[in-house]
Amino acid sequence: MSAAATAELVVDIQNVVAGYLPGVDILNGCSLQARRGELIGIIGPNGAGKSTLLKSIFGQVNVRSGSITLEGRDITSLRANQLVALGVGMVPQTNNVFSTLTIEENLQMGLYQRPKAYDERLEFVTSIFAELGKRLKQRAGSLSGGERQMVAMSRALMMDPKVLLLDEPSAGLSPVRQDEAFIRVSEINKAGVTCIMVEQNARRCLQICDRGYVLDQGSDAYTGTGRELLGDPKVTELYLGTLGE
Amino acid sequence: MDWIQILSNSASSIISPATLAYALAALGLAVHFGFAGLLNMGIAGFMAIGAYGYAIGILTFGLPWWAAALLGLVASAVFALILGIPTLRLRGDYLAIVTIAAAEVLRLLFLTTAFDKVTGSADGLFGYHASFRASNPIPEGTYGFGPWEYREVDWWVRILGIIALILAIITVWRLMASPWGRVLKGIREDEEAVRALGKNVFGYKLTALVVGGVIAAAGGIVYALPSSVNPGVYVTSLTFFVYTALLLGGAATVFGPVIGSLIFWVLQTVLGNVLPAAVQAGYLPFMTSIQAQTLKFILVGIALMLIVIFRPQGILGNKKELTFVK
Amino acid sequence: MPTLALIVAFLATMLAFTFLAGVGSASADEIDTDKYQYRISGNVQLDGKPLENIALTIAGNGVDTTVKTDKNGQWAVGVPEKNATYTVALDENTLPTGIAVVNDADATDETPNIKDAEVGPGGRVTVNFFIGEGERHVTSFADQLVERIVNGLRFGLMLALAAVGISLVYGTTGLSNFAHGEMVTFGAVMTLVFSRGVGLPIYLAVPIALVLSGFIGYVMDAGLWRPLRRRRTGIVQLMIVSIGLSLAARYTFQYFIGGSTTQLVGADQRPIQLFGSVSMSIIDMVSVVISIVVIVAFAMWLLFTRIGKATRAISDNPSLAAASGIDVDRVVRIVWIISSALAGLAGVLYAYYRPGIKWDMGAEFLLLLFAAVTLGGLGTAFGALIGAVVIGLIVEVSTLWIPADLKFAAPLLVLIIILLFRPQGILGRRERVG
Amino acid sequence: MSSDLTAPVAREKTTGLHIGDAKPGVAKTDPIIIADGVRRTFGGLTAVDVEHLEIPRGAITALIGPNGAGKTTLFNLLTGFDKPDSGAWTFEGHSLSGVPAYKVARLGQVRTFQLTKALGLLTVLDNMKLGAKGQVGERFWQSLFPFLWRKQDHQIEERAFELLKKFKLDEKSDDFAASLSGGQRKLLEMARALMSEPRLVMLDEPMAGVNPALTQSLLEHILDLKDEGMTVLFVEHDMHMVRHIADWVVVMAEGRVVAEGDPISVMKNPEVVDAYLGAHQEIDLGVVTGRYPAADAGKNKASKESK
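Keeping their order, the protein sequence lines are chains A, B, C and D. Heads up: the first sequence begins at 80 in my numbering, then just goes up one per residue. Heads up: the second sequence begins at -14 in my numbering, then just goes up one per residue. Heads up: the third sequence begins at 10 in my numbering, then just goes up one per residue. Heads up: the fourth sequence begins at 6 in my numbering, then just goes up one per residue.
Keep in mind the hints are simulated off the structure, nothing from the lab. Don't take each hint at face value.
Cross-link-like lysine-lysine pairs, in silico, DSBU-like; alpha carbons within 35 Å at most [said to hold, decoys possible]:
(1) B:102 / C:58
(2) C:77 / B:281
(3) C:58 / B:281
(4) C:77 / B:102
A short list of chain B residues far from chain C (calculated; beta carbon distances all over 10 Å) [to be verified]:
(5) -13
(6) 129
(7) 134
(8) 160
(9) 263
(10) 286
(11) 300
Facing chain A, according to a computed beta carbon distance under 8 Å, are these residues of chain D, among others [unchecked claim]:
(12) 125
(13) 128
(14) 130
(15) 289
(16) 290
(17) 294
(18) 296
(19) 298
The structure displayed is predicted, hence computed values, not measured ones. Even for Gly, the Cβ is constructed at its ideal location relative to N, Cα and C.
Excised from the complex, chain A in its bound form (with noise of 0.2 Å):
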C-alpha cells in the first residue's frame, strides 16, 4: 500500500461536472486520483453520483467540464471501444454479462480487440477464478447472481485493463457472495490491477480498499485511506454510522 501511494497516477479526475439531462448536474466538481496498483473504494449516499463518476470514466455520461486523463492522456469522452482499446475495463452492476452466450464466448467478448492473446489471459483469469475453467460451455443465462458476477469480472479481465472499474460488484448478491466478491476484487488487485470500486456496502468496502472516496451531492468530500475513513467520526455519522451500533 505504501508503494501504491508514490507510484505514477494513472486515472486522474479533476473538476469534472457532469449529468444526464441538459441543466441538471449529477456531479459537479468532483475529482479523484488513482495510482498504478491501488484499489480505491467510492463510498456515499443514494444520489450522490457514485456511479455517476464511474460512468464519465467510461464516456457513458456527458462531461460538461474538468478533464480525466488515464496515464497523462486525456481520455474525456472517448468512446467505450477506444476506451477499452487503452485499458480500461469495466464491469457494470446490472446486465452484466451476454445472458445468450456461453461463460467461454463471454470471456471472449472480453478481448474482442485481441482474440489471439486468450489463452494467455485464460489462464491468468482461471488463476483467480479457478471455477470458470471447467464450466466453459455453459450459458452464462443458466448462473446464479455471485457466479454471473464472477463471469462479469473475468470478462473485464480478459482484457488485461490497466484500470479496472467496477460498479456495486456486491449488488444483489446473499452477504455470504458479497464477501466472496469482496476476497476477489481484492485478489484482482493483488495481481497488479489497478481498481476504482464503487459500493453501497461501505464498511466492507473500506476494510479492503487501499484509498476511499466519499461522495456527497456530486462532489467528494472526504477522502483517505480505507482505515481512516473506517475511523473518522464525520463520516461514521453521514455515511457508516446509520447500522449496527
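We have chain A; now place chains B, C and D onto it with these hints.
Below, chains B, C and D alone, put in the same frame as chain A:
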C-alpha cells in the same frame, strides 16, 4: 402548361371526397396513435370495413344507404373489439405488426374468390348508389363557382362528408378536452403509472381503438360513397399515406389530421397535374407521364421520412408535446 | 375467459365462412385474367352439355390456381408467361357420379385428367378434356400433402434468408425495418437489370445483384440509420422512417420497371417429376440447394466467427458489448450489409418462386417476414429461421383446406393467435415493472 | 407544518403493533395486509419467497434489504403489477390474488415507482387531477357532456392545488411534468398518489435520487400521511431515514423475510447485520485478504467503540 386548370384542380381537391375520407381516417388514427399512443398500422383495414360494410349492406342485405353506413360503422367497432382484445396487451412494435397483419388478412378475405358473390373479389363492389342518390334533397343541376362547381350528386357526397368530419372533430375535441382524454394521454405517457392510479387502462385503450376505428370507417364510407369499392385501395400503402397525412398535421392534435390530409391531397393533386404536364411540355425529357405519376408517391415516402426526422410534432403540434414517447 | 371465447367465436365464424364459400360460390370462372395478360381457358362438357362447378387446378411457373367452370362449362385462368408450359388438372371429384376423364381413341395415358398446356407465342391456349363414363384418377391426399410440405420447406427456406437478416437488424439496433421488403425487391430488380437489361448471363447477374444489395445495406446504414442512432431517435420514430423509406423505394422500383410483371431468364423451365406428385425445375432445385448452403454458412458465421459472436453479444446486451471493446457501429454496419445481401438473394429466389418480378413484390413478402420473425421471437436469428420454415409450411399446407388465394392470410392469422398466448413473443422476455 | 426550513421535530413512534415475539411472520394486532406463501421466480432465480407477512395498519412500515433482495418484486406482487407463481394475500380482508392492478388501486392501496413515472407531457396539474378517483368525466359517454363533470372537476382541481401547495409545487402547476427536477417528480408522484385518498400508500424508494435538501421535507410528508390516518409501506435501503420515520421494519434478503421489528431492535438483530454487512460482520475483510495486520484492525474497532 395550363396553370389555371392545375390551380383549379388543386383548389377543387380541398373538398374532394378523398380529402374528406383521409381527414376522417387520419382523425381516427390521431385518436389511436396521437392521443392513446397505440401504434395501429391497420387503419386501412378499418377503412375497408367501413367501405365494404356500406356496399355489402346495400347490395347483399338490401338496406337503405344510411342503414348500410351504420352497418359499416358497427362492423368497424366489432373489428376493433376483435382486434383489440387480444392485441392491446402487446408492446408497441408487436402491436404494429399484428395490426398490419390483421388489416392484410381482412384485405385477402375481401379479395379471395371464395366470397366472390358478397365481396366481388378482385372486381370489388359497385352499383350501390340508387338509394343514396334518391335521398339527395338537392334538385338536379350544377352548383357552385370557380373550381368548386359540382353536380347535385357530388355536392350531396361532399356535404355529407363535411358533416361527418365536423361531427368527428367535435367528438374528438370534446373527448380530448375531458377527463377521459386526460386518462388517455396519461396512458400514452406511461400506462403503468395510470394503472397504479386505479384506471382500467385496457378498457380505455379498447374504447379508444373503437372510437378511432369508427371514425376511420366513416372515412372509408365517404371514400366509397361517390364511386366503387376496390380492394386494391385498402393495401398497406393506404395506412402509410394516412400516417403521412397525420404526421404532417400533428399527431396529437384535433385539427392537425384535417390540415395534414388537406395538404396531402392538394400536394398530390398539384404534383399529379404539374408533373405530367411538365413531361408533356418537354421540361422533363427523361421521364414518361406514367413515371411522373409514380414520382409523386416517391415524394410522399421521402416527405414521411423528413417529417418524422425533422418535425415529428407536425405543423400544428407543440414541440414539447411530440408523441414519440416510447 | 371472455377474451378467449370471443376469439374462438371469431375463428369459428371465419372457418364457417370458408366452408360455406367452398360449397356455395360458383361464378369464379375467370381468375387472374386481369392480373396477367396471357391465359389458358377451356370448356368442360359431357356429351355436348356444359358441366357447371367442375374444379380445375392450373399449376406451373409458380402459378397454382384453382378455377371452377361457369354454367356454360367455361373457365379461364390468367398466367404470367407465354412460351411456357403449365399443368392443367381436372378434379374428378367434382364430376357427376360415375363420370370421369377418359382417354380418347387409342391413347394410354394413366392420368388423362392431367394435361400439359403450352402457352405459345400467341399467349393463349385452350385445354379440353374427354369426359365420359369411366374410372377416376385422383391424386391421393398423402401425395398432395407431401407435395405441399416440399413446397412449404422450399418457400420457408427462402423466407428464412430474409427473416434472419431482419431479425439481426432488430436485435442489434432495435429497428423493426419496414423497408426490408424493398431490399428483397432490390435484389430481384438488380438481377433483372443485369440479365435482361445489360445482357449478362444469369450466373453473373445474380452475384452482381447480391454485391449491390450488400452495398445498398451499407449505404442505408451509413447515410440514414447511423446518423439517426447518433441522434438517439426513438424506436417508433425509426420504424416510421423505415415506412417512409419503404414507400419511396417501392415507387422508385415502379418508376423504373413499371407496373407489370417481368420474368427472369429460365423461369419457364419445365418441371421434372421427382417422386410422388412432387416436381421441380432445375432452377427450383438449385434454389433449394442455395438456400440451404447459405443458411448453414450463415449459422456457422453467427456461431463461430468473431464478428458473428460479437453480433450475438450486441443483440444480447449492446452496452456491455461496447464495454467489452466491441466497435458496435462497425458490427452493425456488417449486419446491415449481410442482411441486405441475404434479402437480395431471397428476392432473386422469390422472383423464380412467384414467379416474376414486380415493383411491390417485397411488400407482400414483408408481412410474412414479420410473421416469421415474431413467431420465433424478435431479435433472435435462430428463432427467425425456425419461424420462417414454419410460416412456409403453413402457407403451402394450408391450401389443402383453404382457397389458394387465402394462403398468405393463414400464417398472419396464426401469428395473431400465437401472440394471444405469449404477448411478449415466443422467445421474448417480460420486463420488471418499476 | 411540513417544511424543510423548520427543524425536524421527532415524532412519537407507533408501538404495540405486534403480538408475541418480533420474529419473521409475526402476527399484528391490526394488520392491513396479510400475505401467505407468496413466491415468484424468474427463470430459476427465486426473487420472492415470503412465507407469512402482515403489515400493521396506521403505522409506517419500512421494507429494507440489500439490492436484489426482492423488495420491489414483492411490491409489484402486492399491487397486482406482477403475478406470483403461488401464494395469496389480502388487503383489509379483500383477497387480492389475481386482482388486476387498477382494481387494487381502487380499493385504496396506491403505489409509487422507484423510477419516477411522472407523465411528462401532461401538465403538473393534469398529473394531479388524473389521480382523483370516481371521476364522472372519465367515463366515455359522460365525458362528452362537460356540464356533467365540470363541477366535480373544479373540486378536484381545488384539492389538487391544496396538495400542490403542501408539496411546494403549486407554482409549477401549468408546466409540463417533464420540466421538473428528479426530486420534484418524486414529490409530484407522491402527491398524485394522495389524490386518490388511499388507505395504504406504498412508496418504492421514495428517497432515491432526491437531493438532501428535499429529503427532509419528503420525510415530513411521509410522517404527515400517518397523522392523517393512512398506512404507509415503503421500500428503502438507506437505514438513516428508516430509523427516523419507520414504526416497523421488515428486512428482506434473497427474497425472504429475515427479520421484523421496531427500528431500534431490528438494527441490533444479528440477522439484519448479516443481511446488510455480510455474514461474519466481526471479521475484517482487510485482515482476511491480508491487506492489514490484525493489530491495526483491532485499533480501528477500539476507536469506534470509544465514540
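We went through each hint and held it up to the structure:
1. With a C-alpha separation of about 25 Å, the suggested pair residue 102 (chain B) and residue 58 (chain C) falls inside the 35 Å cut-off, and the hint holds.
2. Restraint check for residue 77 (chain C) and residue 281 (chain B): not satisfied, since their Cα atoms lie roughly 40 Å apart, outside the 35 Å limit.
3. About 53 Å separates the Cα atoms of residue 58 (chain C) and residue 281 (chain B), which puts this hinted pair outside 35 Å; it is violated.
4. Our distance criterion of 35 Å between C-alpha atoms is met by residue 77 (chain C) and residue 102 (chain B), whose separation comes to about 14 Å.
5. With a cut of 10 Å on Cβ distances, residue -13 (chain B) stays outside the contact zone with chain C, its closest approach being about 25 Å.
6. The Cβ of residue 129 (chain B) sits about 34 Å from the closest Cβ of chain C, beyond the 10 Å cut-off, so the non-interface label holds.
7. With a least CB separation of 32 Å from chain C, residue 134 (chain B) remains clear of the 10 Å interface cut-off, as annotated.
8. Its beta-carbon lying about 23 Å from the closest one in chain C, residue 160 (chain B) satisfies the requirement of being farther than 10 Å from that chain.
9. The claim that residue 263 (chain B) lies off the interface holds: its Cβ sits roughly 15 Å from the closest Cβ of chain C, which is beyond the 10 Å cut-off.
10. Against the 10 Å criterion, residue 286 (chain B) falls within the reach of chain C, whose nearest CB is about 3 Å from its own CB.
11. The beta carbon of residue 300 (chain B) is kept farther than 10 Å from every beta carbon of chain C, the shortest such distance being approximately 16 Å.
12. Using the Cβ-Cβ criterion of 8 Å, the hint placing residue 125 (chain D) at the interface with chain A is not satisfied: the shortest such distance is roughly 12 Å.
13. Hint status for residue 128 (chain D): violated, given a least beta-carbon distance of 19 Å to chain A, over 8 Å.
14. Using the Cβ-Cβ criterion of 8 Å, the hint placing residue 130 (chain D) at the interface with chain A is not satisfied: the shortest such distance is roughly 22 Å.
15. For residue 289 (chain D), the interface hint holds, the least distance from its beta-carbon to any beta-carbon of chain A being 5 Å, beneath 8 Å.
16. Using the Cβ-Cβ criterion of 8 Å, the hint placing residue 290 (chain D) at the interface with chain A is satisfied: the shortest such distance is roughly 4 Å.
17. A hinted interface residue such as residue 294 (chain D) counts as satisfied when its beta carbon comes closer than 8 Å to some beta carbon of chain A; here the least separation is about 4 Å, so the hint holds.
18. The interface hint given for residue 296 (chain D) is met, as the beta carbon of that residue sits about 6 Å from the closest beta carbon of chain A, less than 8 Å.
19. Taking 8 Å as the C-beta cut-off, the interface hint given for residue 298 (chain D) is violated, the closest approach to chain A being about 11 Å.
In the structure shown, a violation is registered for the earlier hints numbered 2, 3, 10, 12, 13, 14, 19, in ascending order.
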